[in-house]
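*Asks:* Protein chains in written order, with my numbering: chain L, 174 to 499; chain F, 174 to 499.
It should be emphasised that the hints constitute simulated quantities derived from the structure, not laboratory data. Just to be clear, a hint being listed does not mean it is correct.
[Said to hold, decoys possible] Derived lysine to aspartate or glutamate pairs resembling DMTMM-like cross-links, with alpha carbons at most 25 Å apart:
no.: 1; chain 1: L; residue 1: K377; chain 2: F; residue 2: D411
no.: 2; chain 1: F; residue 1: K479; chain 2: L; residue 2: E435
no.: 3; chain 1: L; residue 1: K445; chain 2: F; residue 2: E368
[To be verified] Sample of chain L residues at the chain F side, in silico, Cβ under 7 Å:
no.: 4; residue: V323
no.: 5; residue: G372
no.: 6; residue: K373
no.: 7; residue: V375
no.: 8; residue: K377
C-beta atoms are modelled at their ideal positions from N, C-alpha and C, and glycine is treated no differently.
Letter by letter, the chains look like this.
There are 2 protein chains.
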Amino acid sequence: MKRIKASAPAKVILLGEHFVVHGEPAIVLAINKRATVTVEMRNDQKIFIESKNIGVSGFFVNDEFHPQRGGERAREKLKPICAIVKEAIRKYNPGFGVNINIESSIPIGAGLGSSAAVSVASASAIFSIFNPKVSKDAIFKVAFDAEKIVHETPSGVDPAVSTYGGILWYCRSKPIRRLKINVDLPLVIGNTGKERSTGKLVAKVNELRRRYPLIVGKIIRAGGEIVKRSIRALREGDLETLGELMNINHELLRALGVSCRELEELIYAARKAGALGAKLTGAGGGGCMIALAHPEKIIDVAYAIKEAGGEVLVTEKTDEGIIIEK
Amino acid sequence: MKRIKASAPAKVILLGEHFVVHGEPAIVLAINKRATVTVEMRNDQKIFIESKNIGVSGFFVNDEFHPQRGGERAREKLKPICAIVKEAIRKYNPGFGVNINIESSIPIGAGLGSSAAVSVASASAIFSIFNPKVSKDAIFKVAFDAEKIVHETPSGVDPAVSTYGGILWYCRSKPIRRLKINVDLPLVIGNTGKERSTGKLVAKVNELRRRYPLIVGKIIRAGGEIVKRSIRALREGDLETLGELMNINHELLRALGVSCRELEELIYAARKAGALGAKLTGAGGGGCMIALAHPEKIIDVAYAIKEAGGEVLVTEKTDEGIIIEK
Numbered sequence: 174m175k176r177i178k179a180s181a182p183a184k185v186i187l188l189g190e191h192f193v194v195h196g197e198p199a200i201v202l203a204i205n206k207r208a209t210v211t212v213e214m215r216n217d218q219k220i221f222i223e224s225k226n227i228g229v230s231g232f233f234v235n236d237e238f239h240p241q242r243g244g245e246r247a248r249e250k251l252k253p254i255c256a257i258v259k260e261a262i263r264k265y266n267p268g269f270g271v272n273i274n275i276e277s278s279i280p281i282g283a284g285l286g287s288s289a290a291v292s293v294a295s296a297s298a299i300f301s302i303f304n305p306k307v308s309k310d311a312i313f314k315v316a317f318d319a320e321k322i323v324h325e326t327p328s329g330v331d332p333a334v335s336t337y338g339g340i341l342w343y344c345r346s347k348p349i350r351r352l353k354i355n356v357d358l359p360l361v362i363g364n365t366g367k368e369r370s371t372g373k374l375v376a377k378v379n380e381l382r383r384r385y386p387l388i389v390g391k392i393i394r395a396g397g398e399i400v401k402r403s404i405r406a407l408r409e410g411d412l413e414t415l416g417e418l419m420n421i422n423h424e425l426l427r428a429l430g431v432s433c434r435e436l437e438e439l440i441y442a443a444r445k446a447g448a449l450g451a452k453l454t455g456a457g458g459g460g461c462m463i464a465l466a467h468p469e470k471i472i473d474v475a476y477a478i479k480e481a482g483g484e485v486l487v488t489e490k491t492d493e494g495i496i497i498e499k
Numbered sequence: 174m175k176r177i178k179a180s181a182p183a184k185v186i187l188l189g190e191h192f193v194v195h196g197e198p199a200i201v202l203a204i205n206k207r208a209t210v211t212v213e214m215r216n217d218q219k220i221f222i223e224s225k226n227i228g229v230s231g232f233f234v235n236d237e238f239h240p241q242r243g244g245e246r247a248r249e250k251l252k253p254i255c256a257i258v259k260e261a262i263r264k265y266n267p268g269f270g271v272n273i274n275i276e277s278s279i280p281i282g283a284g285l286g287s288s289a290a291v292s293v294a295s296a297s298a299i300f301s302i303f304n305p306k307v308s309k310d311a312i313f314k315v316a317f318d319a320e321k322i323v324h325e326t327p328s329g330v331d332p333a334v335s336t337y338g339g340i341l342w343y344c345r346s347k348p349i350r351r352l353k354i355n356v357d358l359p360l361v362i363g364n365t366g367k368e369r370s371t372g373k374l375v376a377k378v379n380e381l382r383r384r385y386p387l388i389v390g391k392i393i394r395a396g397g398e399i400v401k402r403s404i405r406a407l408r409e410g411d412l413e414t415l416g417e418l419m420n421i422n423h424e425l426l427r428a429l430g431v432s433c434r435e436l437e438e439l440i441y442a443a444r445k446a447g448a449l450g451a452k453l454t455g456a457g458g459g460g461c462m463i464a465l466a467h468p469e470k471i472i473d474v475a476y477a478i479k480e481a482g483g484e485v486l487v488t489e490k491t492d493e494g495i496i497i498e499k
């Protein structure tokens with residue numbers, strides 16, 4: 174029986190969040206925490222989708238999802254996967270059904286692109302079982318379209334980094350660029366576990382800019398300069414400078430009012446334990462922080478973040494986007 | 174027996190420290206903590222100088238200081254006063270000696286301009302006993318010259334604010350301006366008690382600017398915009414906006430690397446207790462923070478700063494510079 178397993182990495186914003194909303198570039202990394210989707214042929218025409226991690230499953234029959242486990246929550250959570258399935262059926266009109274099994278080690282709702290990684294891995298596994306030669310570009314497009322269903326006007330950077338891996342340069346209304354940079358980036362991510370609304374935080378910065386256009390405008394441009402300078406540091410493998418730029422970036426995010434005490438505690442702990450740099454990553458107001466550390470300091474930094482109350486993920490940049498195991 | 178008592182206020186930098194070194198303006202306030210100097214005629218030609226607060230005293234005779242209490246420390250501490258006495262003798266050649274008694278409630282070495290306040294009050298009392306009609310401008314000049322002996326290239330803003338009181342706008346290589354603003358500014362100052370070197374912190378920022386000229390340049394200009402915007406807030410008596418600008422200013426100072434954990438604790442405590450804004454004041458790296466609060470919140474903010482380990486000074490802006498009591 175035909176079976177395909179595909180995985181796609183999570184992402185982390187290294188530099189430039191929020192400033193990116195205002196026209197400056199951001200740097201996004203693929204990290205080696207992955208969502209894995211296994212698709213296997215069935216003897217019938219049914220399509221069964223399951224995500225054991227979040228306890229949802231159901232059948233997708235005749236363009237309709239019928240929850241088996243998780244009820245309405247299953248319908249909501251699996252909406253992008255159903256969209257991908259629908260698109261695959263429309264395109265390939267296969268003569269068989271499939272079981273789709275989703276597994277992920279990526280924290281959900283923490284700004285690490287869990288949803289995009291699942292969509293990319295799903296699109297990759299589903300499309301590959303019907304067409305082994307499907308391109309990454311085609312998978313990206315399908316996953317991005319699926320993301321549009323769940324997220325309002327997503328930038329596309331999350332599915333792009335999950336598809337292609339590595340380090341992406343992203344600037345609104347410009348093509349996403351994959352930077353050819355060969356550097357190890359040992360990272361520790363600390364999750365505050367505090368929920369936040371990206372939309373509200375983006376609105377908060379907009380409001381601050383409306384009140385203080387000249388001040389906030391200059392802070393945003395300083396954020397853009399940080400990203401530009403960071404590319405040189407990345408190319409030179411200069412982690413000290415990169416760490417320092419992360420620290421400055423974080424303080425500018427504080428100036429925009431998007432940090433919180435919980436993030437500050439983890440960031441302070443990481444810096445004190447010897448991190449080269451530490452900052453919030455993503456929308457702020459909760460969610461995750463990220464620390465860059467020399468390999469020999471990783472354990473110290475991870476321990477310090479844990480002691481300060483964070484859920485820790487030791488990881489590193491990965492150049493592997495989609496991986497397909499037959 | 175003739176006797177004159179003069180006092181001069183301490184200062185606090187409201188906005189713009191560090192940025193001011195790089196050509197942007199700063200706002201400096203006189204606060205109602207004062208240094209008081211009493212000068213009384215003696216029956217002999219001797220000049221006796223005493224500061225009970227810091228436990229030093231001595232005689233100034235024939236252009237030489239002879240410590241009575243405090244030894245070399247007395248010589249060092251009273252150097253600017255001796256310079257003022259010398260200048261007064263040169264100018265007025267009086268036929269009598271004086272006792273000069275210095276008292277001050279201003280914390281020393283905390284960035285509150287204690288030294289300038291003492292110099293201004295001393296110059297005021299000493300010159301007034303010889304010439305009751307001496308002008309404030311003349312006193313400022315004498316005190317500023319005395320400050321130059323103890324501080325390397327002082328800006329002159331400290332003796333200016335101690336002389337004239339109120340709110341000063343200061344920008345390097347431009348004349349100091351006294352802003353005509355009629356607003357109550359209830360302030361709580363928290364002293365970390367941590368010593369720091371202004372020179373080292375200024376050098377640290379210079380070095381950061383050398384490494385990242387475009388980033389730091391934009392942060393500095395954002396700091397300048399904060400000061401410009403704050404003048405409107407001050408004129409409108411809009412303390413909410415002023416507080417918010419103080420907060421943003423502080424985060425930019427963090428971006429320059431001049432804050433420290435001790436300051437952060439006091440600042441966080443003040444903001445949490447309802448301060449409209451809180452920031453480090455002066456060089457950073459220790460020293461003092463300043464919080465702006467609605468009058469009904471002053472006690473809460475003061476208590477929170479004390480609980481967080483700070484030495485608290487509840488104060489407010491004063492429009493009174495030199496005060497002379499005959």
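*Asks:* The structure should be examined with respect to each hint, and the outcome stated for every one.
*Replies:* Each hint, compared with the structure:
1. L:K377 to F:D411: Measuring from Cα to Cα gives roughly 20 Å; hence the hint holds.
2. F:K479 to L:E435: holds, 22 Å
3. L:K445 to F:E368: Roughly 20 Å between the alpha carbons, so the hint for L:K445 and F:E368 holds.
4. V323: violated, 33 Å
5. G372: Since the shortest Cβ distance to chain F is 22 Å, the answer is violated.
6. K373: Violated, because the Cβ-Cβ distance from L:K373 to chain F comes to roughly 18 Å (cut-off 7 Å).
7. V375: violated, 18 Å
8. K377: violated, 12 Å
Violated hints, listed in ascending order, are 4, 5, 6, 7, 8; each of the other numbered hints is respected by the structure.
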